[in-house]
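All chains should be built: construct the whole structure from the sequences, respecting the hints.
In order, the protein sequences belong to chains W and S. Terminal number for the first sequence in this note's numbering: 677, no gaps in between. Terminal number for the second sequence in this note's numbering: 677, no gaps in between.
Hints may contain errors.
A pair counts as met if it fits within one copy or between any two copies, since identical chains are not told apart.
[What the hints assert, rightly or not] Heads up, simulated EDC-like pairs for lysine to aspartate or glutamate below, C-alpha to C-alpha not over 20 Å straight-line:
1) Lys664 <-> Glu563
2) Lys657 <-> Glu535
3) Lys416 <-> Glu469
4) Lys476 <-> Asp214
5) Lys591 <-> Asp581
6) Lys25 <-> Glu259
7) Lys26 <-> Glu259
8) Lys664 <-> Glu676
9) Lys26 <-> Glu563
10) Lys261 <-> Glu629
11) Lys587 <-> Glu535
12) Lys663 <-> Glu629
13) Lys663 <-> Glu676
14) Lys642 <-> Glu583
15) Lys663 <-> Glu563
16) Lys216 <-> Glu150
17) Lys657 <-> Asp620
18) Lys591 <-> Glu535
To be clear, the hints were calculated from the coordinates, so they are not data collected in a lab.
Protein chains: 2
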Amino acid sequence: MASLKRLLVGSPIRTARLAHERLTKKTALAIFASDALSSTAYATEQILLVLTAAYLAGQASAFGRVVPISIAISLLLVVVTISYRQTIFAYPSGGGAFIVAKDNLGTLAGLVAGASLLVDYILTVSVSIAAGVEAITSAMVGTRFAGLHEHRIWLCLFFIAFITVANLRGVREAGALFAAPSYAFIFSFLCLIGYGLIRYYLNPGLAVAPNDADLKIAEGYHPQSLHLFLLLGAFANGCAALTGIEAISNGIQAFKQPESKNAATTLSWMALLLITMFVGASVLAYFFNVHPREHETVISQIARVVFTGHLTWFYYAVQATTAAILVLAANTSFAGFPRLASLLARDRFLPRQLANLGDRLVFSNGIIILAVLSGVLVWAFSGDTSRLIPLYAVGVFLSFTLSQAGMVVHWWREGKALRAMRVAAANSASAAENPSSMAAPAGRLSGSFEVRRLSDQQPGSLAEVARLERTSHWRKSLVINGIGAIATCVVLIVFVATKFIHGAWVVVVLIPLLVLMFLKIHRHYVQVAHQLSTEGLGQLRPIHHQVIVPISGIHRGVIAALEYAKSIAPHHVTAVYVNLDDEVTRKLREKWQQWGSGVNLVVVASPYRSLARPLLNYVDRMKRSAPNEVITIVLPEFVPAKWWQNLLHNQNTLFLKGALLFKKGVVVTNVPYHLEH
Amino acid sequence: MASLKRLLVGSPIRTARLAHERLTKKTALAIFASDALSSTAYATEQILLVLTAAYLAGQASAFGRVVPISIAISLLLVVVTISYRQTIFAYPSGGGAFIVAKDNLGTLAGLVAGASLLVDYILTVSVSIAAGVEAITSAMVGTRFAGLHEHRIWLCLFFIAFITVANLRGVREAGALFAAPSYAFIFSFLCLIGYGLIRYYLNPGLAVAPNDADLKIAEGYHPQSLHLFLLLGAFANGCAALTGIEAISNGIQAFKQPESKNAATTLSWMALLLITMFVGASVLAYFFNVHPREHETVISQIARVVFTGHLTWFYYAVQATTAAILVLAANTSFAGFPRLASLLARDRFLPRQLANLGDRLVFSNGIIILAVLSGVLVWAFSGDTSRLIPLYAVGVFLSFTLSQAGMVVHWWREGKALRAMRVAAANSASAAENPSSMAAPAGRLSGSFEVRRLSDQQPGSLAEVARLERTSHWRKSLVINGIGAIATCVVLIVFVATKFIHGAWVVVVLIPLLVLMFLKIHRHYVQVAHQLSTEGLGQLRPIHHQVIVPISGIHRGVIAALEYAKSIAPHHVTAVYVNLDDEVTRKLREKWQQWGSGVNLVVVASPYRSLARPLLNYVDRMKRSAPNEVITIVLPEFVPAKWWQNLLHNQNTLFLKGALLFKKGVVVTNVPYHLEH
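Dropping the structure here:
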């Protein structure tokens, strides 16, 4: 086992290497942006799937709405991007929604954001992997591998396992593995859009042959006319394109220095690419009259029309890179989920095992939990992207909203801090002869990084405060983040309203439950720390002993246990034997004359053939008769030479240990006897 | 958990009640014969399934061969029954194939028979349950529950669980539960045959409408002409009717006294019923032109023709009782499997846990293992009887052959013993004046019960020996069992030859593997007994101690552990701390001044952030420096108040315990610290 782990995961890495595991902008774009960019592979299709409802109700032009809806989503994306750039500069040490909400809105808001993000990371893995596998099975339509569609769940699980192993190897190696496919996808997708527009310009009649045979409709929708609620549903579905935007602000510390600047630049590039690719795909889908189908994705249909016949190999290149980016997009979560879980664990809201770096300097436990949960989701929803989408965006937009609202509070406090500094500077200037009034502004300031840094040191001069007020732009920032908060909150409401019965309710129920779990775990750790506190204790106290050795006969294992028992409490040892057969017991008593060495032998009856029950009763009786003494149970235990031999021994010992664990004042000691063959 | 167990299984029963749990002939017929009788529900169909191959090759009359084949199988059944009657009288304490083969042919033959029987018991459960569920889904054909066929695996698993619980409640209660359905089945099946024959006589044109649409063919067969090999294949398939015959001879001790006579009478009745029902069903299938079909059993088709229209409710009665008897037939194995497993376990060929009676006086472990394995088989073969049949009869006929061959040796030895007694009696008569020559015949005699009983007492008179020779009939018995052995051996060869590639190979491979496992387990237990023997040991020896307390900080749990450690070895305690953070370690050292009470504190480094590895290395170093001392590791362990809190603690302790278990001369002591909330 140990060597298999080493082969897959690599050798352990020393703690001292931690600081060097940082990413360049190019590698970071490949890792953090793969989620957001890859959503272009399914976002257009998710809009069309809802519009199908109107198309089936007889409105042939319904699919045309995909372009304005895509543009509306892109505008929302611009707002969110600008908002997040501000967060990145204000929180250079990592400003995920959890931290921003906790700092500015309080612990509960932070936990809600944390729960949303955890759910979201899991769904990102499931949706991305499912969509990636759909890209592969789409390419097989019309070939003799068309049956691959039936095995998509196994393909999904295989890819999840693959990424898990890659991530357990460590973050930089993972980045190197993923850079090439990410850039190949961006290149081939931009080629698809550019070449597709040229072909449409040269040959406006080019389109997919109309065929309503296997038309697909979004989960939970039925044919209906094109009213506002349907358009909002299509808009909400398309918002899946925005997922993954926040990953960069969570992981600023993974960038090379200067972290904030590099992260913000990467974020802007990502948004620009995302809008180009997403709107481009929607426009092409409209031009080429593409409808969503059961066995082939929309992107695959577009690429088929554009390339088939004269550049067929490039069609396969598009599908291959799309599949690659989608499968690897899941990697965003494999970076983000364990990092967030460790933040929560350090604050004692999750089990402490999640806080520790594994021997490859990655949070191994978090990676494994993410892999298992996303695998279960893929399996439960049969690896069908359109069934997972209704669960997806609730968590995303909830954390967006909390994060932006937190930033609004943040800028408001910065404004307050600046005012306080101005007052302090004015005081210090007017009363320079009275040093006692030169105290710093009251309380810990919660302004921008620079404001906090300066205010901690000394009350600045009036000129310095004026310079800070000029560069701070807190009013402008407050407005920008305010717009972001309102926009994402509106989308959140639209999403929950349109998708609640289609699956969003699962997440709406799950997030409060997760928050409750966080609080319960936290309360437990706090209580334990309180109970374990050494406050009020004096010196170590002496202990009074009784030792019990349960025996199953007289053999070398029992003799080793008796020898041990006599060594720890020479005059307080009792051997206990359970009588299952009078004749056997009589012989044992005889043999005891020779081997007992003066140890007291107690035989207890067992009318129901149980071994454990009479022993436990005996321990209870002894405990009652000497409540202040510690009772040590010395258990002889066989250690077989081969693992399977354990099945042939020790079941009684095991059961006894489990039952004794819950008795106060009882200590269990295992004296092993090592068997040789 | 405990109360759920009590609700399902009932209260424990005292050992003293063991002798009273015996069965009357009527109850025993219901329990032991249900397997054999219920096979009439599928045996005819299994023959027809093979004949389909010839029918599809154009030989329209092929299905007519079902009657002669059924008669041939019935003749074989008569031979086997007569053979087994002899076994029952020769082995009144229980003469299963395992015991007979072991006594007369040696341990290895006994183990082969034992392995065959175990495999066979598992398959009996799987086949019976699958066929029972097929009876139910057949009755649903043409109703709105026709889709039940798709859920047959879950139905199978439900029924297995039901019988498991019934058997865990104890053998007599299980008998009471099963008597009514068994007799209802016999009654309704005999009515079906009788009324069917009458209707055919009154209306010879009555038949199933010809329809080749969903004709079914046996697993692995293809259309081919009717040659000898195909006929042998059909015969081999039909031999599934013989399974279960041996159950009575295995369980003689469950009968009321006189056990042998009651058991033999029950066996004869069972055989008579079996032949009547099996041949009757085959004749009706021929008369009514019934062909095997995908969604309906042959018996269901016969009953539909006979009863539909004027006695439709009796059709449903036939199907219901058939389903009931089949589901309950599995009960034969739930009586036989655990009993055989306990015999093997007492001889140390299986883990000793299988030898013990549970608290309801049944072999609980064996029952649970049987339930799990048969459930897995049903699941693996999708609950399809015809796919399980090729695996079925290998084990049955292998154990038949070994058992009969063992009886041949048995009678041969009885003949030898009688000759020896005649010589002894002649000597004692001719040399009455010389008492020293009156010794009993040499060695332990292995003759019939009566011969053994008498020969143990005294050398009888010549007249007495002559009476014994008249009543013994050992020559006749030898011939009968010889014919049985040859007949079953021939069928075994036919079966393996015709079914090997269709699945029988699985069992042919499995049985030797099981025998190997038996031998390996036996060798292990013998070696352990040898290693544990107290031979050569003197008095208890004194032990020299070193105690190590691994600590994670200073809190009440650690202080309890230190107090305990000082009490067992006041001057030899070392506390060990793993340094993960220099600053934290420095603070600990300071605190140690107050709390250490003179205990030596050792800090070890951990460059790879592991807690266990540096500790284990420290233990190894100490072990090397003092190889003759016992090292006790005192581990502080939290006992949370609620089970889920275990997830938040103790992982390091658990891992450490596992690793320490395999070090010689190291004793692990857990000092529990009970948390309160």
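Task: Hints breached by this structure - done: 2, 4, 9, 10, 14
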